[in-house]
Structure formats: C-alpha cells, structure tokens
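Produce the complete structure using the sequences and hints provided.
2 protein chains.
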Amino acid sequence: MSEEVQTTGRAKRLPRAVRERQILDAAVQVFAQYGYHSASMDEISEVAGVSKPMIYTYLGSKEDLFAQCIRREATRLLEAIQAGVQPDLPPDMQLWYGLRSFYRFVAEYRESWTVLHRQALVVGGPFAAEITDMRKRAIELVAALVVSAGTRKGLAEQAEFSGEGLSAALVGAAESLADWALDHPAVSDGVLASWLMNLVWLGFNDLVEGAVWKPAES
Amino acid sequence: MSEEVQTTGRAKRLPRAVRERQILDAAVQVFAQYGYHSASMDEISEVAGVSKPMIYTYLGSKEDLFAQCIRREATRLLEAIQAGVQPDLPPDMQLWYGLRSFYRFVAEYRESWTVLHRQALVVGGPFAAEITDMRKRAIELVAALVVSAGTRKGLAEQAEFSGEGLSAALVGAAESLADWALDHPAVSDGVLASWLMNLVWLGFNDLVEGAVWKPAES
Numbered sequence: 001m002s003e004e005v006q007t008t009g010r011a012k013r014l015p016r017a018v019r020e021r022q023i024l025d026a027a028v029q030v031f032a033q034y035g036y037h038s039a040s041m042d043e044i045s046e047v048a049g050v051s052k053p054m055i056y057t058y059l060g061s062k063e064d065l066f067a068q069c070i071r072r073e074a075t076r077l078l079e080a081i082q083a084g085v086q087p088d089l090p091p092d093m094q095l096w097y098g099l100r101s102f103y104r105f106v107a108e109y110r111e112s113w114t115v116l117h118r119q120a121l122v123v124g125g126p127f128a129a130e131i132t133d134m135r136k137r138a139i140e141l142v143a144a145l146v147v148s149a150g151t152r153k154g155l156a157e158q159a160e161f162s163g164e165g166l167s168a169a170l171v172g173a174a175e176s177l178a179d180w181a182l183d184h185p186a187v188s189d190g191v192l193a194s195w196l197m198n199l200v201w202l203g204f205n206d207l208v209e210g211a212v213w214k215p216a217e218s
Numbered sequence: 001m002s003e004e005v006q007t008t009g010r011a012k013r014l015p016r017a018v019r020e021r022q023i024l025d026a027a028v029q030v031f032a033q034y035g036y037h038s039a040s041m042d043e044i045s046e047v048a049g050v051s052k053p054m055i056y057t058y059l060g061s062k063e064d065l066f067a068q069c070i071r072r073e074a075t076r077l078l079e080a081i082q083a084g085v086q087p088d089l090p091p092d093m094q095l096w097y098g099l100r101s102f103y104r105f106v107a108e109y110r111e112s113w114t115v116l117h118r119q120a121l122v123v124g125g126p127f128a129a130e131i132t133d134m135r136k137r138a139i140e141l142v143a144a145l146v147v148s149a150g151t152r153k154g155l156a157e158q159a160e161f162s163g164e165g166l167s168a169a170l171v172g173a174a175e176s177l178a179d180w181a182l183d184h185p186a187v188s189d190g191v192l193a194s195w196l197m198n199l200v201w202l203g204f205n206d207l208v209e210g211a212v213w214k215p216a217e218s
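Each protein sequence line maps, in turn, to chains V and E.
Numbered according to the working numbering, the first sequence spans residues 1 to 218.
Numbered according to the working numbering, the second sequence spans residues 1 to 218.
Hints are computed from structural coordinates only; laboratory data are not their basis.
Hints should not be assumed to be uniformly reliable.
For identical chains, the list gives no copy identity; a pair is met inside one copy or between any two copies.
Stated by the list, open to error - Think about it this way: if two alpha-carbon atoms lie no more than 20 Å apart in a straight line, the pair counts; the simulated EDC-like pairs of lysine to aspartate or glutamate are:
hint, residue 1, residue 2
1, K52, D133
2, K136, D183
3, K136, D179
4, K136, E108
5, K52, D88
6, K136, E160
7, K136, E164
8, K52, E164
9, K52, D64
10, K62, E140
11, K62, D183
12, K52, E160
13, K62, E20
14, K136, E63
15, K136, E20
16, K52, E157
17, K62, E43
18, K52, D179
Okay, here's the thing in structure tokens:
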C-alpha cells in the first residue's frame with residue numbers, strides 16, 4: 001500500500017501526457033505478449049510503474065486502453081510510412097521507400113505490429129472496425145501512387161478503374177509478408193521490401209527471366 | 001410444439017449426412033449474416049428446418065458448429081482452387097486458373113468467404129488458428145508453383161530462398177482483393193484474376209508501360 005502511494009507520489013510530478021505514454025507503452029507490450037484476453041491490468045500497472053487506479057482515471061478500462069493502443073500504433077505506423085516517402089521521386093522509388101519504412105517499423109516495433117495485426121482482429125468487435133479503417137487509409141495512399149504512376153504514362157483512366165483494387169491487393173501483400181516476417185526475424189527490412197518490389201513492380205515473369213528491380217542510385 | 005415434432009419426424013427419414021449438410025448450410029448463412037456472436041441457434045434451426053435438440057445431438061454447440069463451418073468451407077475453397085489448376089500447364093496459366101477459381105468461389109459462396117475471412121478472425125481464439133492453418137496450406141501450394149517456375153528457368157536456389165515469402169505476399173494480395181470485391185460485387189472474377197495476374201506476373205512497371213498479361217489461347 002505504501003509502495004502504491006509512493007509510486008503515485010512520484011508519478012504525480014510527471015506531466016499527464018508523459019504518464020499516459022508510459023501506460024500505453026506498457027499496455028502495447030503486455031497486450032502483444034499475452035493477448036487481449038489474458039493481459040491483466042495488474043501486469044500493465046506493474047510494467048508501467050503506474051498504479052491501477054491512476055490508469056483507470058487517465059485512460060479508462062482495459063477495453064479503452066486497448067482501443068487507444070490500436071489508434072496510437074496505427075497512426076504511428078501510417079506516419080512512419082508517410083515520413084519515409086519522398087513525394088517528388090518517381091512512383092517506384094516512392095513505393096520502395098514506403099515499403100522499407102513499413103518493414104523497418106514492423107522490425108523495430110514488433111509489439112505494435114502484433115497488437116495491430118494479430119491481436120486486434122482476434123479480439124474483434126469495434127477494434128476490427130478500427131483496423132479496417134486504417135487499412136482503408138493505407139489503400140487510399142497506395143491508390144494515389146498508382147493513379148499518379150498511371151497518369152504520368154497517359155493511362156489515367158485505366159489507373160482510376162483498377163487502381164483501388166490493385167492497391168487493396170498490394171496492401172494485402174505487404175501485410176501478409178510482414179506477418180510472415182514476424183516468424184522469420186533474420187530476413188531484413190531491405191530484403192522484404194525488395195521482394196515485394198520485385199513481385200509487384202516487376203512481377204514473376206521478369207523475376208523468372210532473371211530481371212531484378214533495384215533502387216536508383218541516390 | 002406439434003410443429004417441432006412434425007419437423008423432427010420428417011427430418012428423421014433423411015440420412016444423417018444429408019441432415020448435417022442442411023444444418024451446416026444454414027449455419028454458414030446465419031453466421032455470415034449476423035456474425036458469430038449475434039447468430040442464434042434458434043435462427044439456424046429455423047433456416048435448416050431441423051429442431052434445435054437435433055442440431056445439438058448431431059453437431060454440438062454453437063461453437064462446435066462454427067468450427068465445423070470453418071473447416072468445411074476452408075476445405076471446399078482449397079479444393080475448388082486445386083480443381084481449377086491444371087498441373088501440366090505453364091506456371092502463369094496455373095496461377096491464372098487458380099485465381100479464377102478462387103474469385104469464382106468468393107463470388108458464388110459470398111457467405112463462405114465472409115465466414116472464413118471476416119467472421120473467423122473476429123471471433124478469434126481456436127478459429128483464428130484454423131484460418132492460420134488454411135493460409136499456411138495455401139501459401140505452400142503457391143510456393144510450390146513459384147519454385148517450379150524458378151526451377152524451369154534454372155533459378156531453383158533463389159526460388160527456394162524467396163519463394164515462401166513471395167507466396168505469403170501473393171496469398172495476402174489475393175485475399176485482400178477478395179475482401180475488396182465483397183464490397184464491389186459488379187467486378188467479375190475474370191477481371192479480379194486478371195488484375196492480380198497483371199500485378200504479380202507482370203508488375204506495375206509493365207502495366208504503366210502498357211503491357212497487359214493475357215491468358216494463352218486454349
């Protein structure tokens with residue numbers, strides 16, 4: 001009891017935003033390790049070094065906490081990808097940098113990706129809707145790239161027609177490979193991104209002919 | 001009450017396997033429409049025309065029923081894809097027929113796909129494991145195709161190294177496009193399959209150059 005008071009006392013000196021970040025960091029870690037259903041608020045409280053009553057006061061129930069983890073990690077992931085993309089480069093180089101940022105994020109924040117991709121869908125309900133929404137935004141980002149690549153080549157109409165479907169396929173390919181990569185941590189983000197570039201930019205046909213896509217020298 | 005007795009009486013004349021199929025058909029329909037949590041055994045009983053006690057006797061609880069729906073639909077889907085593929089054709093034609101079979105299945109059995117892809121992951125737990133297992137088998141099938149395409153071209157080693165990752169990406173792309181197609185029912189299975197062929201066989205680079213993959217004349 002005195003320990004809890006002490007923790008609370010220490011914690012009080014930190015601004016609320018910092019405390020909330022500590023709680024969310026701990027929650028992501030605990031949810032990734034145990035899964036939503038087995039994760040306990042006691043464990044999150046211990047990892048965060050913040051008392052349970054304070055967690056409830058600041059961020060609400062376990063369900064609220066999980067929703068906020070998903071929202072924060074999804075935003076972080078999309079921002080990391082967008083930050084990696086340089087909009088004045090040709091479309092293939094934009095895709096290359098976007099993919100590298102994506103796989104670097106997955107490698108660095110395995111727990112974020114686990115919570116986003118594996119846990120959120122398993123828990124379902126409103127969380128699945130949150131993920132669906134994030135996927136939609138990712139597909140829109142890629143579709144803009146496909147349409148701009150097509151327009152450059154005078155194929156705007158075809159790109160408008162098939163762009164969203166192709167982008168949905170590409171996002172699914174990137175996610176599925178990221179999921180595979182969770183079980184193959186020795187494969188680097190550069191290798192993963194180049195596999196996907198070779199698949200979606202050049203295609204199997206070029207691959208089996210021995211053609212390989214390489215990033216332009218910068 | 002008398003109606004239930006009558007239904008049971010009528011149903012008794014049918015062999016057990018037929019009755020079980022009726023129940024599973026009804027369950028897939030009800031799960032796809034309402035989702036696992038909101039689906040009721042009353043509704044399934046009504047749609048199947050089989051009394052609730054008989055459903056429990058034959059196929060067990062709602063959870064058991066859902067597990068059996070997933071297993072049956074997953075097997076059906078993989079069999080439909082395998083039946084569509086003609087193993088003596090070149091790899092691109094095998095992929096083309098496999099994809100067409102897949103998208104035809106999704107269009108014809110929207111409810112099966114909804115239960116497999118949208119519901120099972122949302123419900124989670126052991127069902128998610130079932131789906132993970134099905135995805136693994138699909139990835140292995142595609143990997144065999146990639147490796148055989150690579151080996152034909154004397155690239156066996158590269159194909160072995162990257163084949164599984166590329167196949168995970170391809171399966172993710174196909175699933176994600178199928179999910180997109182649920183919301184765009186006007187796009188035919190042939191169009192969906194050809195988008196994916198153009199994406200993964202030729203790649204964006206060929207696409208924006210105006211090259212288009214077409215199935216060989218048969």
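- Quick one: which hint numbers does this structure break? Sort them smallest to largest. 1, 4, 5, 8, 10, 11, 12, 14, 15, 16 and 18
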